[in-house]
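So the sequences go chain by chain: L and E. Counting from 1, one number per residue, gives the positions in the first sequence under the numbering used here. Counting from 1, one number per residue, gives the positions in the second sequence under the numbering used here.
Misleading hints may appear alongside valid ones.
As a list, the in silico SDA-like pairs of lysine to any residue whose alpha-carbon atoms are at most 25 Å apart [unchecked claim]: (1) K50(L) / A741(E); (2) K712(E) / R27(L); (3) K699(E) / N30(L); (4) K892(E) / Y42(L); (5) K893(E) / T35(L); (6) K83(L) / A741(E); (7) K50(L) / L437(E); (8) K892(E) / A26(L); (9) K712(E) / D32(L); (10) K5(L) / I434(E); (11) K87(L) / E749(E); (12) K683(E) / V74(L); (13) K436(E) / V74(L); (14) K687(E) / H24(L).
Derived coverage of chain E by chain L (criterion: at least 3 residues anywhere in the stretch with Cβ under 8 Å from a Cβ of chain L; other residues may be distant) [claimed, not checked]: (15) 238 to 251; (16) 889 to 903.
None of these hints come from the bench; they were simulated from the model. Small disclaimer: the values here were computed from a predicted structure and weren't measured. Cβ coordinates follow ideal geometry from the N, Cα and C atoms, glycine included.
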Amino acid sequence: MLYIKCPFCGDRDETEYHYGGEAHIARPENPDELTDAEWAEYVFMRTNTKGVHRERWVHSDGCRRWFNVARNTVTNEIVSVYKTGEKPDLPEASTSKPAPAKKTSAKKKEGA
Amino acid sequence: MTEQFRTTQGSRVDRSKAINFTFNGKNYKGVEGDTLASALIANGVHLVGRSFKTHRPRGILTCGSEEPNAIIQLETGPRSEPNLRATQVELYEGLSAKSVNCWPSVNFDIAAVNAIAGRIFVAGFYYKTFMKPSSLWMTVWEPAIRRMAGLGVLPREKDPDTYDHMNEFCEVMVVGSGPAGLSAALAAGRTGARVVLCDEHPEFGGTLLNTKEIIDGKPAQEWVKTAVAELEAMDNVRLLKRANAFGYYDHNYITVHERRTDHFGPGAKPELTRQRIWHFRSKQVVLATGSHERPLVFADNDRPGTMLAAAGQTYANRYGALPGRRGVVFTNNDSAYSVAIDLVDAGMDIPTVVDLREVVDGDLPNTARKKGIEVITGSGIVATLGRKRVKGVEIATVSSDGSQVTGTKRKIDCDTILSSGGWSPAVHLFSQSIGKLRYDEEKVCFVPNVSSQNERTVGACKGSFDLQSALDEGAAAGAAAAKDTGFGKGKAPASPKALVVEEKPIKAYWVVPTDHPVGQGKRKHFVDFQHDVTAADIMLAAREGMHSVEHMKRYTTTGMATDQGKLSNVNGLAILSSQLEKAIPKVGTTTFRPPYTPVNFGALAGRGINGDLADPVRRTPMYSWHLENGATFEPVGQWQRAWYYPKAGEDMHAAVTRETAALRDGVGILDASTLGKIDIQGKDAAKFLNLIYTNAWLKLPVGMCRYGFMLKEDGMVFDDGVTSRLGENHFHMTTTTGGAAGVLDWLEEYLQTEWPDLEVYCTSVTEEWSTLSIGGPKARQLLEELAPDMDFSNENFPFMAWRDGVVAGVDARVFRISFTGDLSYEINVRNWHGLHLWKKCMELGEKYDITPYGTETMHVLRAEKGFVIVGQETDGTQTPQDLGMDWIVAKKKGDFVGRRSFIREDTARADRKQLVGLMTDNPKEVLTEGAQLTYERVNPTPAPMVGHVTSSYWSPNLDHSIAMALVKDGHNRMGQWIYAHDRGKVTKVKIVSPVFYDPKGERRDG
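Bound conformation, chain E alone (with noise of 0.2 Å):
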């Protein structure tokens, strides 16, 4: 096909190199500088794609970020990527794309049935007509609804392309590359500070790149020029092209989202990132983002062929592409009068100017006159015609407040209109960051009002619509922020020169009337195109009492599609506020969120996309033994630890019944060295561990070890472990897996801002040992074989002792202690002995049977004996009395943390859920971790929870089912049955005492 409405000359577009492209299956020409949507009007195509609700045809209706109806799906396959806006994709050769929220077709869309029966997508649709029968809702309605109105599709296969971060730091930032931008950028570039200048297009110059304006007796298009190479040719200055500014955070911390590789096609530059997320810390920002042009509010004003004044003037100025052949402009304000002329200029029919005005004789509109185009004053477009191309349109005379028609209808014949509603500023960083807008009542929209940060807003997006307002607050705030930062003078550069031509004031009107009143019959008035929302929407929201703009907001879901309200917020809140009649300023807006525009999860993610820089992956210094012999893994934190080991044909259950089996009746071994590790010296260490433990350390001696409880002040248990007495004011602490860190930090918080005077110094060593842990009856032997020099009798190496020693002829401290309640030895090295030590003990525990157990195993044995895991047994709610465990809990040596709270209320009280046993009847069914516990089998609703099970396991060792819960009351009902209740299923259990195993520790010895 040819490019019917691409002109001969002009433009910033390369005609002479031809670009190949397929849209919704048809083939296409565009040219060099395009984007799809210039290449798409270039080619007469204006229906693009179906609303969200009702299926309506829809057109191109702007050239930016902001385009609420050119959503499409770029591309097929793992590169294809959706809800793309079409006037945002840079053409490239042998792009492939199509429209979104249609099917068959854009051309004939069987959904669009909705729009006859559009009754049911009124505000509020959501809450109304699908809330009964509450049982359909999963089944039938939300599936439906997600069939009708779902946007892209995401692809299923991995993203081929890589993304990163950086992470940059500069005195100036300077948003948006329009002539407010690039002066500032001049301004702070000159003083030798650094400053990144960013913009979401692929050229910088902004607005100056679309229309005709003269700086300096020139093209403004070639200060452009001069501006962008000064910029590129100072050191100091980092320039970013298509890099959307898309969030605004707390102390000038700014993100941006560059799309590196994209305009060159899929997968053309894989030696690239695709995309970037940088992450500005700026010390003064500059925020230069222009302004939005605003739609008129008026009968079925999304008919294809309709899109904004100043998008028209764009799509033939800068990419040579005509919008139509005949078109009517329809404005509120003289902006519209510049692109009417400049269509003329480009060859585009253009007859009338529709002004809602009553007056109308300003310069711009003149010149307009002079070109031979009528002017129609206090008039408005009553209705259009056409369905998926505008036909024409019926032009009347209005009433000044917008409440009827007055004259009689003309019609003109057309295929295009061009509206303009007037400029809000692109105000979404600046509120971002906290900054307090103001409604100018002159200028019809809100502009900055009082800065939150070090920050300055200038130009179009200040509200200062005129090129050289523009030039001049650029050039300001570039020198002054520079100075504020320590670079130069402050003093602004001499601006150039704009010829501005003075416009004549906007004259505010909502919601332009047509034959029947609003809402009242077929003709509808779109305020958010891509959600569907009607002016009758927002009506009727305020009559069922949605006051807040914030209700109006979630409850018509105004501003709530993927272009977030750009065109439709004040359109929105103005006809809330007229249904109201309040001020505008006294309804308020919408509170503007981060990103500004969509942000590709891919690029957020970076490097972490693929898994492995995610997130640290720990393994101990026996990680690839385990791997070698076969073991599952299971992730604790980050630590990788052994979970079983399976022999062949085994699954999990026979694995830890074998496990288990060999801990009791011979040797085991098990990999500990991620349990927390904390060296703790000073010469008041043993004082300090008398306020953080709750039993008595002062007298610990050399050479012994004590297990300990740790509580916040609320009483409640925090973490675990055995600590041992190295030297009189050195001691070696252990925690948790899970709690090493948050322990440290507890230790360095106590110590830095509670007692100060204290000498403590806490050291991490989890990673500085490698800790294996050896256990059952065969223990000892193995241990005599491995130390020959060590002693190990029970005379001299009691339980809860610790030993230097050689150990496999390295360097070990072998600590006496037991969390199975069998013989056991936990042996440290120095980290880089670990493995040597690990396969010393395979080697000569193979007479013994010697079997790697894993954490499973661990829990099983722990359980079987009553020992709890802090974060299993307890989840901050527990004291060590609820836990049975009274006795770790000294009573008088005096103050530790947590203690007073023993005697609170609520901490004494003697129906606390406690921690007990129980046993199910049946011994083979175990029950589910989590299972909520009642007294009773059959209770009223809603029935009265008295616990829950934290810990069940099959115990091999008892060939019984065996559980751990926290029950109320539960250390008085010793003996009873009560319920535990799973999804509907209810077991009879009884509370019995948590240790099944071995109750009077026999085995603790060998």
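Isolated chain L (complex conformation) (with noise of 0.2 Å):
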């Protein structure tokens, strides 16, 4: 079980959240204006992402705030934690290789 921080309200196990699936998929201002495929883009195709990934969470049963999350599909570290409209540089170090040891810069990256 994943341990999140909500952006409002701090750390709480993932039971108090939903996934919201891939993040940063902008609904289309002018939908009539696209193709089939184009809409179908939208509506049904999402990345498959071996490594970091950038995904929505609702603090369901908290704030009921929408957050964003980049969680290494791997390893499940979550690499940073920003609201709804930000989209932070993620750090350097995020690959999808599994994360060392001993490290702390999920924390400091948080806060951002």
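Combine the two chains into a complex, taking the hints into account.
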């Protein structure tokens, strides 16, 4: 079970949250102007990232706020947590490799 | 009986405190400090069980949680517990246990004939022997196998004990309290960090309690005592005994199963919870889980009296119970020599150590030689004698590569064999944490390599088998872990000095040959004792193409028993690797998964085991009235809704017939409080609804209501409900009972992530309002009496309007909406007035014969009108058009969620499954919901399914059965006959409009 730091409430167990899929996919402004393929891309298609994946979470059993998490899908290491509307750069060290045993980088980055 | 094998001095048991117990119906005596296994051994009892498939006699093999053979059923009655390991069950007065998997008794087991017919139990026998004819599987083979191969029996009674869960945080969690774990806990504890130390045993100290190691010139157990005393004195340290860390999950989440009262005996401490699951979030973890000794794989290595060398040492040193009178030690490494020495010191006759290595010149072997123990090198046990107890061994020189016996056999009489094939670090938790392993050629074992979490592994679990390394690594890791959490400077305290005797290298030797090739004679080389998997089975699996270790595991069932292969995994994959002529690291290990040891279901359920606390139950304010008036209830999500109100002698059919008639002819009343309600406010509220619903909302006047559909972006219906405009910027939304939470989340998601510029606030008010639906031709008369100051005329209070007012003396919102097709009012009052209003309605309605009705009647009434229920008529693949509700989709208002998907090729095609009504030829026949539909009566195989029945009821008002269904191209097939299939029964049905009753809507205005 993941331990996720809500940007508004702090560290909480995964059971307080719901997953919201890949982040930074904006709803098209003018859906009518899209081809079927383009619309399908928005509605159905998501990346299947091995490594750091930016995704949305909502603190359903807490403040009910949506926010973004950058999580390594290989190790489940949470690299960054940030508010909706933001998109910070991620630390260089975040790759698909397992994280080193001792690290505190996630903590520093979470305030961003 | 007397304890013939109990020594007279030393050990950690209290010989002055006798404990009576029974095993397989016989009375024995043990002493305080014993486990069931040690007490049996003290009484000379080794035959404790039968093997799973072939029912061979089996004895106690280990002294810990890795035990594969001594699996017992503890006690009888409601507290009986199956499949416990005798090696972990602490003895208490009056304990009663019996072997599992044998009948009629462990001494005489009828199914042992399986051993003779053993050929049918080869690798993959499940897939080979019992496959054909397949008709026999359910009736003959499976029940037969279950009877024969079953383990323990679950009690049928309710569990009388209570269990609980605890959630806890700490800086440093230390798992295992051997020398490494204790050192780590001390080092971390001294920094002031919150430390948890847990161990599966009833005492802290790990292997130091089993051996005669020396620390700082004194017996190591004195150091243990001092260390534990220091830890106990620290307020920041939590010590958990009898506590198995069984799961290591993401982000240092560790679950621990603590057995709190079992050692007092069943029911002895009713004031305490019996077992507890701890949920720890630890910033840093130190794994000091030690290692398991591996058995050597030699011919007939399963005879009772055969045990792991260190287990024999433990029984003698810790419990004062000699494993036998005369034992032969069999090894490929130096550690077993300390066993031989200790056993001789304890009074056992150890004439011989048989060592597979050619050269044996370590300090321990030389000490053993000085004690008069013969060391035979380059040799192995090639056969064992005896059946229910070892009577002797045959030894001979064997080739270095394991291929054959090279010398002549020599027989040695003995009643015990102590075997050591080296040590496997207990890397289970490390692997669960997604840490990566490495194969250590020199130590012949897998060791932790790369950590994946904030974790350190120390001591034997890391492959550091000597005591000094364990102490040093523990101290270093404890201090470093604490520092990483902000406590201390990270400098390890000086660790005490252990007396270390250097050991010479182990020799990898996976299968010891016998006088016939493995698998081609009577002798069996067991790898997985509990599942009866032999070396020959693994070789056969390899020949049959099971080259992946995961395939081999499943094909042979190696490591799939209750012990999860703690002893067998490494031997099994080593044998596979030698068959494939691939290096062990190339073959790899199977995946370790939680739980490390079996966990009681009661403990997992916790307080929820007795039902009331398992899931919240939601009740409306009128619940007590429904209960007093005989309602039956139906769960809808967590809600308990009144289902129907049977009068004396009525069944559901009769009650529903009466209730539906009452509503169509007079007045009915429904508790609709469970409907989801969301208060929506803000200057952009109308604009937002316009984007979320399919229909137009901007121009809805204050005081009016509108029914709407919400779609997902794929164009499929997701929820429905009536939303009313309370003010210019204020709406009251209703949702389905089950969909309320999901809809609120949905609204929030769009507001927060797509349109944060919109100023809209959504609040769940489901439980703030009680909702009473009063419907039927006489509803208006009743309302006029209930609310004399309100105007209920059609002109001033039309359909789809709402009004504020005072009803039965309390403030109310009255909505004129209808889910029945008849004149209907929904009255919302604050929830604390709900019961009052309900009672007032019943009182004033008595003269109209007001009839309370439940969800069943509601369903019938709405189906008569063809009103859909989202989730019953829909399953997330229906557009509004599929439901025949094109009218609800605004054509000109612009974009809304899901709109673009209507012109997708798949959504726009004409032959989609569409909502229709169905009428059976025989009016009395009610179709089964879920029945599949075909266009033709007779179909090719596979039959072309064209839809299914979504709702089906008996309609008392029509005196005919009615059904709704989704049918491919249904809208174009009105009037056609199709066929409904229900488990072989075929019913001819006619496609009709789903509006069965009052198609012109004339009853709506009363």
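Cross-check of the supplied hints:
With a C-alpha separation of about 32 Å, the suggested pair K50(L) and A741(E) falls outside the 25 Å cut-off, and the hint is violated. Among the hinted pairs, K712(E) with R27(L) is consistent with the structure: their alpha-carbon atoms are about 12 Å apart, no more than 25 Å. A threshold of 25 Å between alpha carbons decides the hint, and for K699(E) with N30(L) the separation of about 23 Å falls inside it, so the pair holds. In summary, the hint linking K892(E) to Y42(L) is supported, as the alpha carbons are separated by about 23 Å, within the 25 Å threshold.
At roughly 21 Å between alpha-carbon atoms, K893(E) and T35(L) fall within 25 Å of each other, so this suggested pair holds. Note on K83(L) and A741(E): the hinted pairing holds, with a Cα-Cα distance of about 23 Å set against a maximum of 25 Å. This hinted pair checks out: K50(L) and L437(E) have alpha carbons roughly 21 Å apart, not beyond 25 Å. Between K892(E) and A26(L), the direct Cα distance comes to roughly 24 Å. Compliance with the 25 Å bound is thereby established for this hinted pair.
Using a Cα cut-off of 25 Å, the hinted pair K712(E) and D32(L) holds, with the two alpha carbons roughly 16 Å apart. Pair hint K5(L) plus I434(E) holds up; C-alpha atoms about 22 Å apart against a cutoff of 25 Å. Distance restraint check for K87(L) and E749(E): the Cα-Cα separation of roughly 18 Å lies within the 25 Å cut-off, and the hinted pair is therefore satisfied. Of the supplied pair hints, the one linking K683(E) and V74(L) is violated, its CA atoms being roughly 45 Å apart against a limit of 25 Å.
For the given pair, K436(E) sits about 12 Å from V74(L) by alpha-carbon distance, which is consistent with the 25 Å threshold. Between the alpha carbons of K687(E) and H24(L) the distance comes to roughly 24 Å, so the proposed pair stays at or under 25 Å and holds. Judged by the Cβ-Cβ criterion of 8 Å, the region 238 to 251 of chain E is covered by chain L as claimed, because 3 of its residues qualify and three suffice. A stretch counts as covered by a chain when three or more of its residues have a beta carbon under 8 Å from one of that chain; for the region 889 to 903 of chain E and chain L the count is 5, and the coverage holds.
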